[in-house]
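**Student:** Numbering (my numbering), first residue to last: 52 to 436.
What the hints contain is simulated information worked out from the structure, not anything from laboratory work.
Using N, Cα and C, we set each Cβ at its ideal position, and we do this for glycine too.
Treat the hints with care, as some may be off.
To be verified - Computed Cβ-Cβ distance ranges for the label pairs, DEER-style: (1) Gly-369 x Asp-78: 53 to 59 Å; (2) Lys-165 x Ser-328: 29 to 35 Å; (3) Asp-175 x Ala-236: 26 to 32 Å; (4) Ala-296 x Gly-136: 22 to 28 Å; (5) Ala-324 x Gly-369: 37 to 43 Å; (6) Met-243 x Ala-365: 26 to 32 Å; (7) Glu-172 x Gly-369: 37 to 43 Å; (8) Gly-253 x Gly-62: 29 to 35 Å; (9) Gln-217 x Glu-295: 34 to 40 Å; (10) Gln-217 x Gly-64: 42 to 48 Å; (11) Ser-145 x Glu-357: 49 to 55 Å; (12) Ser-328 x Gln-217: 46 to 52 Å.
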Amino acid sequence: MLDRHVHTLIGLGPRPVGSPANQQAADYIRATFRAAGLDVEEQPYACTAWEQDFIRLEQEGEQLDAAANAFSLPCDVTAPVISAGTIAQLEAVSARGKILLLYGDLARAPLSAKSWFLKDERDDHIIQLLEQIQPAALLAPPTSTVYYGHLTEDWELDLPAATVPQAVARRLMQNADSAAHLCIAARKIPAMAQNIVARTHGVFEKRIVVCAHFDTKINTPGASDNGGGAAALLALAERLSKWEAGVDLEFVAFNSEEYLPIGDDEYVRRGEAYFPSIRCAINMDGIGAMLAANSLTAIATPEEMEQAIRHVAAEFPGVQWVEPWPESNHSTFSFRGIPAVALSSVGARGLAHSTADTIDVMSADKLEEAVALVERLIQIIVAKA
Numbered sequence: 052m053l054d055r056h057v058h059t060l061i062g063l064g065p066r067p068v069g070s071p072a073n074q075q076a077a078d079y080i081r082a083t084f085r086a087a088g089l090d091v092e093e094q095p096y097a098c099t100a101w102e103q104d105f106i107r108l109e110q111e112g113e114q115l116d117a118a119a120n121a122f123s124l125p126c127d128v129t130a131p132v133i134s135a136g137t138i139a140q141l142e143a144v145s146a147r148g149k150i151l152l153l154y155g156d157l158a159r160a161p162l163s164a165k166s167w168f169l170k171d172e173r174d175d176h177i178i179q180l181l182e183q184i185q186p187a188a189l190l191a192p193p194t195s196t197v198y199y200g201h202l203t204e205d206w207e208l209d210l211p212a213a214t215v216p217q218a219v220a221r222r223l224m225q226n227a228d229s230a231a232h233l234c235i236a237a238r239k240i241p242a243m244a245q246n247i248v249a250r251t252h253g254v255f256e257k258r259i260v261v262c263a264h265f266d267t268k269i270n271t272p273g274a275s276d277n278g279g280g281a282a283a284l285l286a287l288a289e290r291l292s293k294w295e296a297g298v299d300l301e302f303v304a305f306n307s308e309e310y311l312p313i314g315d316d317e318y319v320r321r322g323e324a325y326f327p328s329i330r331c332a333i334n335m336d337g338i339g340a341m342l343a344a345n346s347l348t349a350i351a352t353p354e355e356m357e358q359a360i361r362h363v364a365a366e367f368p369g370v371q372w373v374e375p376w377p378e379s380n381h382s383t384f385s386f387r388g389i390p391a392v393a394l395s396s397v398g399a400r401g402l403a404h405s406t407a408d409t410i411d412v413m414s415a416d417k418l419e420e421a422v423a424l425v426e427r428l429i430q431i432i433v434a435k436a
């Protein structure tokens, strides 16, 4: 069944929040939970979807490679290209009506969404500057991260924006006196999305949450990020649906993890009253890549629980213990003082958020390893609950 879940979810292709493929994934997850005999809750919420028809970037009659950033506004502009590589340059630049090319320190990492709770002061300052100077459009090379990154991907940021290869960025800078033509045909669309939550039948006062997100970035089929995690969640729900060991189990398929965690916000809004009953949350995000090692860490766990989790990890020689990291759904719990365990992988460079994250990179054995690890973790956490 795990293999079928993997192929079904990844076979849908990119599943960005609010898209038809995202809804198909939600439908499949709901049906699987129900077939396992679990109590299922849908948690719908409003979101912003995004569609594009095409992008065209030209200079001196030559068409140049470019990819529209998620949630870019449409544009059709012919203007000089002006560039900035530092915050000081951005503060001094006069970019109104021009195409602004960011590089260097300004393009080293994707800018946080305006409403993201982990946004730092640097990102906030850059975003404010961009809104103040009002360029006609924004360009940048891929961010200097281990995955392919667009600099902007925020539905609240009203700018036309695109990503260009480094060679194109250099050409534009070298020919700054020649106007460039950028046309982006795209649109933001009001849409609905939902988390799908399944539970055993609620006869106990304690619970363990197992979760994974099923949405993707716009440009990737999201095999390791996070088709594998979502498939493992479904397999665990099927295997543990008859669980009766003194603790209820809750299986949460989160939506909208990739751009802004509004799925987490909706989950908290509906369920925070029962958070004191949660003994631990186990999140799977980025597991199962063939050329990577599954990884494990614990956050906000009491010392005795963490030591027990470390002992479990030692039973799996292919799993590596890593330092805590915040960028996924487990933070919804750990930031509220609930013990959390996060499974991911080490060594899957270049896969997350990229077109290369396809079914071919996945390992059935590593996914089974992750599922077996979570089953053992649940047993140990129940014993400590």
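**Student:** How does the Cβ-Cβ distance of Ala-296 and Gly-136 compare with 22 to 28 Å: does it lie in that range?
**Tutor:** Distance hint for Ala-296, Gly-136 is violated at roughly 57 Å.
**Student:** Can the suggested window of 29 to 35 Å be confirmed for the beta-carbon pair Lys-165 and Ser-328?
**Tutor:** At roughly 34 Å between Cβ atoms, Ser-328 and Lys-165 fall inside 29 to 35 Å, so the hint holds.
**Student:** Given the range 26 to 32 Å, decide if the beta-carbon distance of Met-243 to Ala-365 lies inside it.
**Tutor:** violated, 44 Å
**Student:** Verify the CB-CB distance for Gly-253 and Gly-62 against the hinted window 29 to 35 Å.
**Tutor:** holds, 33 Å
**Student:** Taking 42 to 48 Å as the stated bounds, is the beta-carbon spacing between Gln-217 and Gly-64 within them?
**Tutor:** At 27 Å between Cβs, range violated.
**Student:** Confirm or reject the claim that Gln-217 and Glu-295 have a C-beta distance inside 34 to 40 Å.
**Tutor:** Violated - the Cβ-Cβ distance for Gln-217 and Glu-295, about 57 Å, lies outside 34 to 40 Å.
**Student:** Look at the Cβ atoms of Ser-328 and Gln-217 and judge whether their distance stays inside 46 to 52 Å.
**Tutor:** For Ser-328 and Gln-217 the Cβ distance comes to about 51 Å; the hint holds.
**Student:** Does the hinted range 37 to 43 Å hold for Glu-172 and Gly-369 at CB?
**Tutor:** holds, 40 Å
**Student:** Do the beta carbons of Ser-145 and Glu-357 sit within 49 to 55 Å of each other?
**Tutor:** holds, 54 Å
**Student:** If you check the beta carbons of Gly-369 and Asp-78, does the distance land in 53 to 59 Å?
**Tutor:** Check failed, 34 Å falls outside 53 to 59 Å.
**Student:** Is 26 to 32 Å respected by the C-beta to C-beta distance linking Asp-175 and Ala-236?
**Tutor:** holds, 30 Å
**Student:** Measuring from beta carbon to beta carbon, are Ala-324 and Gly-369 in 37 to 43 Å?
**Tutor:** holds, 39 Å
When each numbered hint is compared with the structure, violations occur for hints 1, 4, 6, 9 and 10.
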